[in-house]
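Chemist: So you can see what is in the structure, the chains are spelled out below.
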Amino acid sequence: MSLPFEWGVALRFLREGRAQSVLILAGVSVGVGVIVFLTALIDGLQNNLLERTLGTQPHVVVRMPEEEPRALQEAGEGEAIASRTVRPAQRARSIVRWQQVRSTVAGLPGVTSSTPLVSGAALAGRGTASRSVALRGVELETFGPAFRLAERMVAGQPALAGAEALIGTQLAADLGIAVGDRFRLTAGSGVAEVLTVRGLFDLGNRDLNQRWVLVPLRTAQTLLELEGGVTSLELRLAEPFTANEAADVIAGRTGLVAESWMRTNQQLLLGLSAQRSSSNLIQVFVVVAVALGISSVLVVSVVQKGREIGILKAMGTSARRVMGVFLVEGALVGLVGSLIGLLMGVGLSLFFQSLARNPDGTAAFPFALTAELCLRTVAIATVTGVLSAVVPARRAAKLDPIETIRYG
Amino acid sequence: MAEAVTHTGPLVELAGVVRDYGTRVITRALAGVDLIVERGELAALMGPSGSGKSTLLQVLGLLDRPTAGRVRIAGRDTASLSDRELTAFRGDTIGFVFQFHHLLPAFTALENVAMPVWGRLGRLRPGDRAHARELLVAVGLADRLDNRATDLSGGQQQRVAIARALMRDPPLLLADEPTGNLDTASGDQVFELFRRFNRERGTTCLVVTHDPRIAERCDRVIELVDGAIAADRRRR
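Line by line, the protein sequences give chains A and E.
Numbered according to the numbering used here, the first sequence spans residues 1 to 408.
Numbered according to the numbering used here, the second sequence spans residues 1 to 236.
In case anyone wonders, no lab produced these hints; they're calculated from the structure.
Computed from a predicted model, the values in this text were never measured in an experiment.
Yeah, the Cβ is synthetic: ideal placement off N, Cα and C, and Gly gets one too.
Treat the hints with care, as some may be off.
Short derived list, chain E residues pointing at chain A, Cβ under 7 Å [unchecked claim]:
{"id": "1", "residue": "Val25"}
{"id": "2", "residue": "Pro48"}
{"id": "3", "residue": "Arg65"}
{"id": "4", "residue": "Thr67"}
{"id": "5", "residue": "Thr87"}
{"id": "6", "residue": "Arg90"}
{"id": "7", "residue": "Leu104"}
{"id": "8", "residue": "Ala106"}
{"id": "9", "residue": "Trp118"}
{"id": "10", "residue": "Gly122"}
{"id": "11", "residue": "Gly140"}
{"id": "12", "residue": "Asp143"}
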């Protein structure tokens with residue numbers, strides 16, 4: 001009785017109706033457990049998918065605009081020219097004064113790193129085997145960290161000098177070469193060079209492992225006949241989901257084409273948002289089911305306690321205070337139930353995570369159990385508890401003391 | 001409460017009180033009751049079943065509003081009070097003892113006694129617990145303070161209910177067949193408490209009873225027949 005009336009009576013009522021309280025708490029716990037588990041699973045999968053996508057893609061790519069058709073002859077006054085528009089063949093072109101462009105975009109807010117790239121098609125061959133590959137001349141000091149190359153190396157060193165190359169595991173298998181072996185690379189221009197394999201990487205993507213050949217910037221410039229030039233600048237942002245805005249700003253500043261990863265991966269983002277909506281829908285239904293459960297148990301409890309409520313009111317307890325008792329009951333049920341449910345959800349997530357492991361020991365289901373998720377769920381459950389108690393509480397507040405006492 | 005203390009006229013004044021029930025078929029439970037109860041009276045309210053005793057007690061106890069007529073308690077016209085004010089005024093002025101004690105089973109005897117203050121103010125003040133204890137001692141339950149209400153006998157529960165009714169020191173105590181479902185010995189014990197609190201504290205008591213033995217021991221016996229006062233005798 002040292003507590004405020006509403007809290008003291010709510011606690012005592014909950015303790016008194018033990019079976020009911022246990023049932024209602026179990027209902028809330030299971031609901032919250034499901035929400036925590038599902039959300040952690042779906043968020044985890046989405047984060048993982050995004051990480052995989054962005055692990056091999058820059059957030060923004062800056063490159064030259066495509067070459068537009070140009071009229072060979074202008075029509076003079078009173079003349080008409082029958083013409084046919086022929087799109088020019090696109091060739092590798094360097095960004096004009098790319099160092100200057102780079103320092104401009106690198107200084108923009110939100111841009112965390114920029115790396116120049118010289119890319120083009122090439123043919124990698126050894127003996128009779130040959131594969132078409134994507135030649136990528138990179139500045140390893142900036143490219144390496146952006147793509148977390150060091151941790152993706154499976155053999156050799158993440159280092160490049162002169163006529164050296166880093167290739168994917170799949171290409172190495174296709175050509176039958178290992179670290180220290182040499183292979184021939186012939187660019188589209190016809191220029192060829194013999195390169196030494198310095199290391200093998202695994203980007204977690206079979207296509208990239210088969211196609212990417214990383215060489216020093218200068219080597220690629222030579223092979224693609226782009227002395228001193230680069231074909232694109234690849235940027236990383238502090239906040240990947242601001243890529244569209246950042247790309248627009250960059251395009252406006254430089255007059256170049258800036259592609260956001262969000263526009264080139266629209267399908268993926270659409271899929272993710274569809275998944276998120278369905279997960280939200282499930283959560284809403286769970287919350288509604290839990291709310292109905294709390295509400296119905298409390299309504300029954302109001303009916304059972306009608307006589308006691310009547311006597312409290314006869315003794316001068318205001319309707320508002322009686323209502324408070326049941327609102328507090330709802331809040332307590334929501335809070336305590338959600339704390340238990342949180343433990344269940346977290347436990348279940350950790351259990352599943354420990355069951356399914358990748359060969360390298362990392363979790364196959366990367367659950368995203370964040371403090372934000374936990375706090376949000378507890379807050380939602382508590383508010384739901386209070387809201388579900390509104391109907392029973394109003395009912396209790398409206399009870400007429402005579403009715404309840406007369407037929408006691 | 002202040003008015004209840006400073007007011008010096010009759011504690012209860014009913015004038016032409018009518019109470020009808022039903023909308024299509026109207027049952028008249030009280031058919032114009034005029035009643036004045038002075039401070040310090042111990043009155044019995046008698047009458048056959050259906051005579052309107054309980055209705056009169058509810059109207060008197062401000063649990064119900066009359067269809068017509070005036071109810072003044074401690075000089076205050078209750079018709080002008082809102083439901084919320086009425087609840088508060090009732091809590092401050094009137095203590096109830098019902099036939100079915102109506103203790104809260106989840107609470108101990110002491111907690112039940114302190115409940116009117118807790119429910120009205122939201123919190124217990126420093127002296128309230130001690131006051132509740134004194135009241136329980138006064139009704140002879142010194143050794144049952146921390147028993148759950150459900151662990152007490154019928155007579156003991158009714159004594160707890162009396163202690164509870166007195167917790168806020170109301171000028172008016174209303175009892176609806178307080179001895180109705182008790183054996184004779186327990187009933188006598190319970191009635192003696194009304195007698196004692198009436199003498200010692202000057203609490204005005206109105207007791208509805210079927211039991212002529214109880215009525216005999218009151219200062220005044222009011223008899224109700226068909227919703228009207230048929231007899232009103234003062235002893236002494």
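Chemist: Is the interface hint satisfied for Pro48(E)? The criterion is a beta-carbon contact with chain A at less than 7 Å.
Modeler: At about 18 Å, which exceeds the 7 Å cut-off, the nearest Cβ of chain A leaves the hint on Pro48(E) violated.
Chemist: Quick one, is the Trp118(E) hint okay against chain A at 7 Å, beta carbons?
Modeler: holds (5 Å)
Chemist: Under 7 Å, Cβ to Cβ, is where Val25(E) needs to be relative to chain A, so tell me if that hint holds or is violated.
Modeler: violated (19 Å)
Chemist: Answer holds if the nearest beta-carbon of chain A is closer than 7 Å to that of Arg90(E); otherwise answer violated.
Modeler: holds (6 Å)
Chemist: Does Asp143(E) pass the interface check with chain A, least Cβ-Cβ distance below 7 Å?
Modeler: Asp143(E) check fails; min Cβ-Cβ to chain A is 20 Å, beyond 7 Å.
Chemist: Would you settle whether the hint for Leu104(E) is holds or violated, based on the nearest Cβ-Cβ distance to chain A being less than 7 Å?
Modeler: Holds, about 5 Å.
Chemist: Let's test the interface hint: is any C-beta of chain A closer than 7 Å to that of Thr87(E)?
Modeler: Where the cut-off is 7 Å and the nearest Cβ of chain A is about 6 Å from Thr87(E), the hint holds.
Chemist: Is the interface hint satisfied for Gly140(E)? The criterion is a beta-carbon contact with chain A at less than 7 Å.
Modeler: Status violated, d = 22 Å.
Chemist: Can Gly122(E) be said to touch chain A, with a Cβ gap under 7 Å?
Modeler: holds (5 Å)
Chemist: Checking hints one by one. Is Arg65(E) an interface residue toward chain A, by the C-beta closer than 7 Å rule?
Modeler: Hint on Arg65(E): violated, closest Cβ of chain A at ~11 Å, above 7 Å.
Chemist: For the hint on Thr67(E), does the least C-beta distance to chain A fall short of 7 Å?
Modeler: violated (14 Å)
Chemist: Classify the hint on Ala106(E) as holds or violated, based on whether any CB of chain A lies nearer than 7 Å to its CB.
Modeler: Since chain A brings a Cβ to about 4 Å from Ala106(E), closer than 7 Å, the hint holds.
Of the numbered hints listed earlier, those contradicted by the structure are 1, 2, 3, 4, 11 and 12.
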